[in-house]
Structure formats: structure tokens, C-alpha cells
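Engineer: Okay, here's what each chain looks like letter by letter:
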Amino acid sequence: MLRDDETERYGRQLLIPGWSQESLSGATVLIVGLGGLGSASALYLSAAGVGKLRICDGDKVERSDLNRQVLYSESSLGLPKVEEASRRIIRLNPFVSVEKRDVFVDTENAAEMIAGCQVIIDGLDNLKTRFILNEEALKQRIPFVYGAVQGWQGYVGFFHPPLTACLACLMRPDFHTRDRIPVSGVTPGTIGLIQASEVIKWLMGMPPSLLGRLLIYDGTDLSFETIRLEKNPDCPVCSKP
Amino acid sequence: MVIYLKAGGELRAKLKPDVDDYTRRVETEEGKSLAEILTGIGINPSFVAFAFKNGTLKRLDHIPSDGDIITLQPPVSGG
Numbered sequence: 001m002l003r004d005d006e007t008e009r010y011g012r013q014l015l016i017p018g019w020s021q022e023s024l025s026g027a028t029v030l031i032v033g034l035g036g037l038g039s040a041s042a043l044y045l046s047a048a049g050v051g052k053l054r055i056c057d058g059d060k061v062e063r064s065d066l067n068r069q070v071l072y073s074e075s076s077l078g079l080p081k082v083e084e085a086s087r088r089i090i091r092l093n094p095f096v097s098v099e100k101r102d103v104f105v106d107t108e109n110a111a112e113m114i115a116g117c118q119v120i121i122d123g124l125d126n127l128k129t130r131f132i133l134n135e136e137a138l139k140q141r142i143p144f145v146y147g148a149v150q151g152w153q154g155y156v157g158f159f160h161p162p163l164t165a166c167l168a169c170l171m172r173p174d175f176h177t178r179d180r181i182p183v184s185g186v187t188p189g190t191i192g193l194i195q196a197s198e199v200i201k202w203l204m205g206m207p208p209s210l211l212g213r214l215l216i217y218d219g220t221d222l223s224f225e226t227i228r229l230e231k232n233p234d235c236p237v238c239s240k241p
Numbered sequence: 242m243v244i245y246l247k248a249g250g251e252l253r254a255k256l257k258p259d260v261d262d263y264t265r266r267v268e269t270e271e272g273k274s275l276a277e278i279l280t281g282i283g284i285n286p287s288f289v290a291f292a293f294k295n296g297t298l299k300r301l302d303h304i305p306s307d308g309d310i311i312t313l314q315p316p317v318s319g320g
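Line by line, the protein sequences are chains A and B.
The first sequence begins at 1 in the working numbering and counts up one residue at a time.
The second sequence begins at 242 in the working numbering and counts up one residue at a time.
Just so you know, these hints were derived from the structure itself, not from any lab.
No experiment lies behind these values; they were computed from the predicted model shown.
Where is the CB? At the ideal position from N, CA and C, for every residue including glycine.
Treat the hints with caution; some may be incorrect.
To be verified - Using 20 Å as the maximum straight-line C-alpha spacing, the simulated DMTMM-like pairs for lysine to aspartate or glutamate come out as follows:
| id | chain 1 | residue 1 | chain 2 | residue 2 |
| --- | --- | --- | --- | --- |
| 1 | A | 100 | A | 59 |
| 2 | B | 294 | A | 218 |
| 3 | B | 299 | A | 174 |
| 4 | B | 255 | A | 221 |
| 5 | B | 299 | A | 230 |
| 6 | B | 257 | A | 59 |
As the list claims (entries may be wrong) - Ranges of calculated distance between the beta carbons of each label pair, as one might list FRET restraints:
| id | chain 1 | residue 1 | chain 2 | residue 2 | range |
| --- | --- | --- | --- | --- | --- |
| 7 | B | 273 | A | 233 | 20 to 26 Å |
| 8 | B | 287 | A | 226 | 24 to 30 Å |
| 9 | A | 106 | B | 306 | 43 to 49 Å |
| 10 | A | 106 | B | 266 | 41 to 47 Å |
| 11 | A | 67 | B | 251 | 18 to 24 Å |
| 12 | A | 206 | B | 281 | 43 to 49 Å |
Can you make the complete structure from the sequences, with help from the hints?
Structural biologist: This is the structure in C-alpha cells:
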């Protein structure tokens, strides 16, 4: 049951047929990585009224983050991202509770990090950790909303094996990637909000549009293309019994 | 036979498009895999994260047919 001030705050979205605010307020969403992708998804999931955001990043804010990481400002420089992000999220929506994890995800902590959440948002900046999360999400049967950006280009997918393919069905984990990835600030904003949209739909029982599909976005010509992702019968992760 | 390769993101410069800004016309022998075709035109297949044709993912051992349009995508890892 929503309080009066919640009903007022969420009034515009409550007008949408089928909207289930209770489903959002009862949910826990894990956001791994509080960079450009995580900034966009955290702000809009908070504004939408997701009950609990578990946010995870072991990094501190740098000036070069500020072209895209809209959770932070000049006054955030040098401070832990989880602390700054938490303050911003709660300032935006005090009805949201935030669980802070000031660490990087690795094979040791991934299982505990994921446990108890309904869905995982990928806000990472490297392939290695994405594959760790992909594997752990499969083990715990929690959907993994993949997102990645570079330059003007971005990918988004909703992986939920065994219902769908997994990230390892799409690509190998061993690509060489740069340390300093070029990125236009608006690209992770676009991709992060698509991730947030898919999560909101999933939490309210609506089918995510990218379930078993991958969206390929290119900001240079503003193209959005989706492809079907079949499961790879030889996938090293999800084809294992 | 002739196939058309398109490339997204940073792969475009490596593909050297000649049809339009994204597409390269490639003459090749039938029966060759996508990986072999890429190697034949000087593109290391390891630069390609995934490929698709008609909206469906294709692996690099896929053997294209005459007239196919195949899109190549690079690894994208930032956040």
C-alpha cells in the first residue's frame, strides 16, 4: 500500500495501464559499476521508486569521469563512488534504500554480491568482470542485463539462461581492450536508460523487449538494430549441465 | 561469388568500406568460412566480437552464400 506522498510522487507513472508500483518498491536491484551506465540506470531506477538499490564499485571519482558519470560533480572528486552515488540517489528519492559495496566484483565475492537481488545491471568497464557476473547470474538464475559502450556505439541484452542465451554465447571473454576507452557521454546515458527500462518492465511482470535479443546502437547515424541470440550448444558457460 | 560485409564502430576503418560508409563488396570462393574470408582480405578475425546476418547471430565458422550481407561488430567493453 502506497503512502499519500508516494502516490503523489509516482502519480504520472501510476496512470500507465498495468503499472505496478508495489512490484518496484518491493524489489532489490544490483548495479555493478557506477560509471556512465550505472549513473544513468541508478538515477532513473531511483526516480521510478525501486525499493532497494545495491550499488557496487570500488573506484573513486576522477575529473575525467564527469563527461558521462552524472551521479557526480566537481565536489565529488577523490571520493568513493558508492558514497557519492548513495547521497545523490537518496537526495533524488528518499523512499529508496541503498546498500553500498565499496569493492570491485571478483570471483571471490560475486556470489554474495548477487544473492538476494531480483536482477543485475551491468555497469562495468571491462569484459573480464562481465563474464564473472554472467556465470554467477546463471548459477543463481538471476537475469543479467548486459550493457557496454565505446565511442558512439553501445550494446544492450537481457540474458536469463536457460530461457535465453548468455553473454558467453555471444562472444569470447578474451578480447584485448584498451585501458582508456573512448566514450561520448551521451552513449552510456542512452544505453543505461535502456537497461533501466528493461529492468522496470521485468520487475513489473512485463516481458523485456531484449529477452534473448541484443540491441546494437550507433549514435553516429542514430541506428538501433536488434538481433536474435540463439543459445550456443557449445557455450562454455550455459551449455554445461 | 560476392558477399557484402558491413562493419560497426571501430571495425569500419579496418574493413575499408567501398560500397558506402559501412559496406565492402568482397569476391570470394564458395565454401569458405567467414573467418577465412576475413583473413583473405587482411582482417584478423580476432578483431570481430560477433557477426550477424538477417538479424541472427552467426559464428565465424559460418559459410556465407552468394549475395549475403553480413555485419561485423567489434568488442565493446566500456561502461
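Engineer: Run every hint past the structure and note whether it holds.
Structural biologist: Hint check:
no., hint, verdict
1, A:100 - A:59, "12 Å, holds"
2, B:294 - A:218, "18 Å, holds"
3, B:299 - A:174, "19 Å, holds"
4, B:255 - A:221, "19 Å, holds"
5, B:299 - A:230, "9 Å, holds"
6, B:257 - A:59, "38 Å, violated"
7, B:273 - A:233: 20 to 26 Å, "23 Å, holds"
8, B:287 - A:226: 24 to 30 Å, "25 Å, holds"
9, A:106 - B:306: 43 to 49 Å, "44 Å, holds"
10, A:106 - B:266: 41 to 47 Å, "46 Å, holds"
11, A:67 - B:251: 18 to 24 Å, "19 Å, holds"
12, A:206 - B:281: 43 to 49 Å, "46 Å, holds"
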